[in-house]
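Undergrad: When you get a sec, could you build the whole thing from the sequences and use the hints?
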Amino acid sequence: MAATAPDQTDQGSYDVEFRSVVKHFGDVKAVDDVSFALKRGSFHSFLGPSGCGKTTSLRLIAGFEQPDAGAIEIAGQSVVGVPAYRRPVNMVFQHYALFPHMDVAANVGYGLRQRKPRPSESEVAARVAEALELVRLPQLASRRVWELSGGQQQRVALARALINRPTVLLLDEPLAALDRKLRREMQIELQNLQREVGITFVLVTHDQEEALSMSDTIGIMKDGKVVQFGTPEELYDAPVNRYVADFVGESNFFPGSVASTDREGATLVTASGLTLRAPYSRLGTRLSPGDRGSIAVRPEAIGLWRPTRVPAGLDVTRPARLLNRIYLGDHSEFQIEAEGLGPVLVRLPKSDEAQELEPGDQVVMGWNHERALALGEG
Amino acid sequence: MTDAATIQETRQRRWAYALLAPSAFWYLALLILPLIVVMVYSVGERAPTGGYQAAFTFDNYLNLGARWTAFKNTLTLAPAGTLICLLAGYPLAYFLAVKASPKTRLLLLILVIVPFWTSFLIRTYAWMFILGGRGLPQLLDFIGIEGVRFINTPFSVLVGIVYAYLPLMVFPIFVSLEKLDKRLLEASEDLGASPFATFRQVTLPLSAPGVITGCMLVFILLMGEYLIPQMLGGGKVFFIGNALVDLFLQSLNWPFGSACAMALVVIMVVTVTLYLKATRATGGRDVSLV
Numbered sequence: 001m002a003a004t005a006p007d008q009t010d011q012g013s014y015d016v017e018f019r020s021v022v023k024h025f026g027d028v029k030a031v032d033d034v035s036f037a038l039k040r041g042s043f044h045s046f047l048g049p050s051g052c053g054k055t056t057s058l059r060l061i062a063g064f065e066q067p068d069a070g071a072i073e074i075a076g077q078s079v080v081g082v083p084a085y086r087r088p089v090n091m092v093f094q095h096y097a098l099f100p101h102m103d104v105a106a107n108v109g110y111g112l113r114q115r116k117p118r119p120s121e122s123e124v125a126a127r128v129a130e131a132l133e134l135v136r137l138p139q140l141a142s143r144r145v146w147e148l149s150g151g152q153q154q155r156v157a158l159a160r161a162l163i164n165r166p167t168v169l170l171l172d173e174p175l176a177a178l179d180r181k182l183r184r185e186m187q188i189e190l191q192n193l194q195r196e197v198g199i200t201f202v203l204v205t206h207d208q209e210e211a212l213s214m215s216d217t218i219g220i221m222k223d224g225k226v227v228q229f230g231t232p233e234e235l236y237d238a239p240v241n242r243y244v245a246d247f248v249g250e251s252n253f254f255p256g257s258v259a260s261t262d263r264e265g266a267t268l269v270t271a272s273g274l275t276l277r278a279p280y281s282r283l284g285t286r287l288s289p290g291d292r293g294s295i296a297v298r299p300e301a302i303g304l305w306r307p308t309r310v311p312a313g314l315d316v317t318r319p320a321r322l323l324n325r326i327y328l329g330d331h332s333e334f335q336i337e338a339e340g341l342g343p344v345l346v347r348l349p350k351s352d353e354a355q356e357l358e359p360g361d362q363v364v365m366g367w368n369h370e371r372a373l374a375l376g377e378g
Numbered sequence: 001m002t003d004a005a006t007i008q009e010t011r012q013r014r015w016a017y018a019l020l021a022p023s024a025f026w027y028l029a030l031l032i033l034p035l036i037v038v039m040v041y042s043v044g045e046r047a048p049t050g051g052y053q054a055a056f057t058f059d060n061y062l063n064l065g066a067r068w069t070a071f072k073n074t075l076t077l078a079p080a081g082t083l084i085c086l087l088a089g090y091p092l093a094y095f096l097a098v099k100a101s102p103k104t105r106l107l108l109l110i111l112v113i114v115p116f117w118t119s120f121l122i123r124t125y126a127w128m129f130i131l132g133g134r135g136l137p138q139l140l141d142f143i144g145i146e147g148v149r150f151i152n153t154p155f156s157v158l159v160g161i162v163y164a165y166l167p168l169m170v171f172p173i174f175v176s177l178e179k180l181d182k183r184l185l186e187a188s189e190d191l192g193a194s195p196f197a198t199f200r201q202v203t204l205p206l207s208a209p210g211v212i213t214g215c216m217l218v219f220i221l222l223m224g225e226y227l228i229p230q231m232l233g234g235g236k237v238f239f240i241g242n243a244l245v246d247l248f249l250q251s252l253n254w255p256f257g258s259a260c261a262m263a264l265v266v267i268m269v270v271t272v273t274l275y276l277k278a279t280r281a282t283g284g285r286d287v288s289l290v
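Here the protein sequences line up with chains A and B, keeping their order. So the first sequence is numbered by our numbering: it starts at 1 and just counts up by one. So the second sequence is numbered by our numbering: it starts at 1 and just counts up by one.
Since no wrong hints were added, every one of them can be taken at face value.
Listed below are the simulated SDA-like cross-link pairs for lysine to any residue, each with C-alpha atoms no more than 20 Å apart in a straight line:
| id | chain 1 | residue 1 | chain 2 | residue 2 |
| --- | --- | --- | --- | --- |
| 1 | B | Lys179 | A | Val145 |
| 2 | B | Lys182 | A | Val145 |
| 3 | B | Lys179 | A | His101 |
| 4 | B | Lys179 | A | Trp146 |
| 5 | A | Lys225 | A | Leu283 |
| 6 | B | Lys103 | A | Phe25 |
| 7 | B | Lys182 | A | Tyr85 |
| 8 | B | Lys103 | A | Gly26 |
| 9 | B | Lys182 | A | Trp146 |
| 10 | B | Lys236 | B | Thr153 |
| 11 | B | Lys277 | A | His101 |
| 12 | B | Lys99 | A | Pro83 |
| 13 | B | Lys99 | A | Glu65 |
| 14 | B | Lys236 | B | Asn152 |
| 15 | B | Lys182 | A | Gln66 |
| 16 | B | Lys182 | A | Ala177 |
| 17 | B | Lys182 | A | Met102 |
| 18 | B | Lys99 | B | Glu186 |
| 19 | B | Lys179 | B | Tyr94 |
| 20 | B | Lys182 | A | Glu65 |
| 21 | B | Lys182 | A | Glu173 |
| 22 | B | Lys72 | B | Val265 |
| 23 | B | Lys99 | A | Gly26 |
| 24 | B | Lys99 | A | Gln66 |
| 25 | A | Lys116 | B | Arg200 |
| 26 | A | Lys116 | B | Phe199 |
| 27 | B | Lys182 | A | Phe25 |
| 28 | B | Lys179 | A | Met102 |
| 29 | B | Lys182 | A | Pro83 |
| 30 | A | Lys181 | A | Glu209 |
| 31 | B | Lys182 | A | His101 |
| 32 | A | Lys116 | B | Ala197 |
| 33 | B | Lys99 | A | Phe25 |
If you are wondering where the hints come from, they were derived from the structure by calculation, not from laboratory data.
TA: Here is the structure:
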């Protein structure tokens, strides 16, 4: 596993640390020997499909679950056995979980009122106003929560979670209930907010775009394990295996069995008998002859031409038929059926001459080896 | 608004009236009219041979003090019974709604309902035996505690009340607790509230509608209770309901009975109004029943 190695000499710079954490629910291993360390003041995401263990990891940090084995530290302090209400961590819940019997100000001030000694009402009022200012909702303090729109509820939940100045802010799919435009807006706002307050944010999401656009580091999870831990660039450019490449961005995968390997890459033979070669991913697993593997090619790495206009010097060229073209403004997506490769997705910019092609046209598709990756399954 | 919309609305309203008519008639014939009759009787006189004789006098009301014990018993034991039902019922409802697994929940709910399969009269007779001289007191006597008497005491009436009315308290509270979003409890805990603080600030206020409904239900029915004080209170611990039966059927003093009934109605209206006002005042912005 490629998690940031916990650095013994630099303990103080991590806000959340998992060491070999295990959590079972009955027979299911929700979190299976997970280790990672999240840098202080960073924006971190856990990305994966539902049931991959990302929400359980978040709940372990929050204190709603206790690990069956392993160590969890928050700001260098072990929190194993410490209940949620004694942890310096606050959470923005998936459906916000605002208290319906309280107005906005009472919701936001709730955390302060739990403190011992309890701050004076004038102090609470001042801090609530400050927090609502922070999420840009100052005029709504006396509203009932059900009168608010989804986006406003989201901000109230944020203000409520931030008012106690937690060491770590946890966000459980906070944008899932918002429409696309508002989601984009909130992504930018969350990022700005994180920089402003300097608190470590931990986000759980199944939306790769959300994770890629907001995070400093991302942990891709599968079946209770962290498959890859790294920056968005690392995950996109150097996925450890096909699972990660599939989850981050889009790729065409051409599976096959490994025929030969060298230091730089591997040569695979597909079921249809094609021989494809590609370099290894920088962080990927190395393959051996006989292994199952995939050649991964991003849609933007593939070119499309009329049969008479194919440029020279391509490593792979295959005749294909154009099935469909989807216009997406500054670029278009082409669905093609390539001989021996099956359905392939190609993405080309507006300026490309392939834009004139029509569905049904016979075309040639091709790419260069160095733009593909040889990845292991998993 | 267009004409078509107006016609549509009139038509809908007509339907609504038509559907409400049967229950409106029922209320008029069986609640309002009898109430007027009782009101009229209450200012009348007892006929020499018993029953009602037309008159206009407030003597019956001035004489209410003669039934002071019945009023006192009702007004102490009904609130006390409601309170005990609440204190015993809330934890049960909480356990059923929040803690119990679906399987246990179903089993326990069935157990709460099962007693209703037997006649209430028979179950109260059973309590008569349990609390009577040959029941618990004999058992206590056997282990050396002598001279304990349960039957015909306020205690035995309370036992009967709690036994009979507990489910009426449990169900509304159970329903309101079951609707409660459990994530709110996690949110509260996450924000630093201990389990007790969470209960006080989130669970209890959000289950208040169930508590209010349960209390109203139990209290109103208890105010008119007749059977339990009759059987477990003997002639000693009697409610207004028992006094009414006595006045109407034994002494045949209908006007005085009517005055007692009116007094009961007035007391009920006043207490219920005050209670609802009080709970609404605290149940608004800063909800907290404790």
